[in-house]
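Colleague: Going down the list, the protein sequences come from chains V and G.
The first sequence begins at 1103 in this note's numbering and counts up one residue at a time.
The second sequence begins at 209 in this note's numbering and counts up one residue at a time.
These aren't lab readings, by the way, just hints derived from the structure by calculation.
Distance ranges between label pairs, derived from CB positions:
{"#": "1", "chain 1": "V", "residue 1": "1304", "chain 2": "G", "residue 2": "320", "range": "32 to 42 Å"}
{"#": "2", "chain 1": "V", "residue 1": "1292", "chain 2": "G", "residue 2": "323", "range": "35 to 45 Å"}
{"#": "3", "chain 1": "G", "residue 1": "312", "chain 2": "V", "residue 2": "1220", "range": "36 to 46 Å"}
{"#": "4", "chain 1": "G", "residue 1": "296", "chain 2": "V", "residue 2": "1177", "range": "46 to 56 Å"}
Straight line, CA to CA, 27 Å or less: simulated DSS-like cross-link-like pairs of lysine-lysine:
{"#": "5", "chain 1": "G", "residue 1": "309", "chain 2": "V", "residue 2": "1319"}
{"#": "6", "chain 1": "G", "residue 1": "306", "chain 2": "V", "residue 2": "1323"}
{"#": "7", "chain 1": "V", "residue 1": "1375", "chain 2": "V", "residue 2": "1362"}
{"#": "8", "chain 1": "V", "residue 1": "1221", "chain 2": "V", "residue 2": "1278"}
{"#": "9", "chain 1": "V", "residue 1": "1319", "chain 2": "G", "residue 2": "306"}
{"#": "10", "chain 1": "G", "residue 1": "269", "chain 2": "V", "residue 2": "1319"}
All residues carry an ideal CB built from backbone N, CA and C; glycine is no exception.
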Amino acid sequence: MGGDVQKDFKLIIDNEEINDAPAAETISKEELQRWPLFGLSVGSFLQVIAMEQQTCIMEVYLDANHTGHFCFVEGELYDSVCGDLNGENAAMEMIAWENVRLNIKQILNAKNVERKIDKNLMLLMMESSRRRDEVQENGEHADLEMEDVETLEDAEVVADDVERTKLDTCLNLMSKDMGDALKAASIISINDGKVMASYQDDQETAESFVRLTNFMKNTYKSETPYELGDHIIMDLKDQHTLVILMIGEHQWNIVFNNVKCSLGMLRNIIMPKVIRTFNEMNVG
Amino acid sequence: MNIQKINVCMDILKKDLGEGFIASCIIMTEDGQVLVATDQANIAEATLLNDATAFIRNALKTYPAELGQYYYVDVAGTMAVLVIPFGDYQWTVTVNKKQVKLGLLLNVVLPAIINAFEDAVVS
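The following block holds chain V by itself, in its conformation from the complex:
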């Protein structure tokens, strides 16, 4: 299958071959130039490509023995190849990779690209995340000895990254459902104020709303016999609405056009679906 896919890819890629994985263990200057993108997780890049509805091949390089690629047509994941794996298995293997280098190649003509992955990207990411959690729990990859502070910190970074991927997935789902009605959204950790995921929202605004809810929580507690509940709805000028939701450890800030998407639609249809997805990802 992999061979066919690669053959298909050759027909539609405008430049070099995609299947010549580096032979040497140490990466050369030329090889570094071949994978010029780095600094984001595979999952984050995949979501950007899906959101931008790109038709392209995303090549992934973890090391000389671990390379592969994803094939997208108009933002839909059609296929992936990773060593002997292909389709969904290859995708889930690569989604879990950290610290990778990437290269994007445009597909000029996608007519001959055969679709070999039916699951949507979000489900694949959820499944990959679940598998990674399982591996971590079994101790196959994460050796979490308490006295080894460095390793513990690494594990926290990985856990944070998994959480971010899940929350990114939720925002993507929301953006798909709301279309251009969604103007900005962010999810922030209530405990430490860290922005975990955002969509067209800047950090300063996201953090200022955490300060606002903290202010209201504290003042309600100290000045009244009541406690702040779990949401605030604000009417904004120019037919926009801001909804702040406090769900578990996270605060969600959502700004949307209330003509294109009603508050009722957000509260009763979209948010329950997004929260259900988030909970399912956590249950795995």
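Since the structure of chain V is already known, use the hints to place chain G on it.
Modeller: The following block gives chain G in isolation, referenced to the frame of chain V:
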């Protein structure tokens, strides 16, 4: 401001919300002083929400956006508060959220009381 018309506003509110009405209060935004308050109005809460409005306006500047006609604060338990900043005044309406549907509050009651309040303020 026409005090009689303000009292009429309060009557409209009580009538429209029925048993879901808990309390209401109108304060001056500048000094937080109460102009009108119903029996069970929580003055401390109304004052706190006056500060919160200033905080919100400031926070929205970074977006950038401006606060519109209202904001709605969910309170733990059965209460919720609708806050209507209106120039020099701020009106808070406390409701029993189990008895007042949000759609009714925002789409029926709110436009009616805003119109009545506007009329009372300019009179």
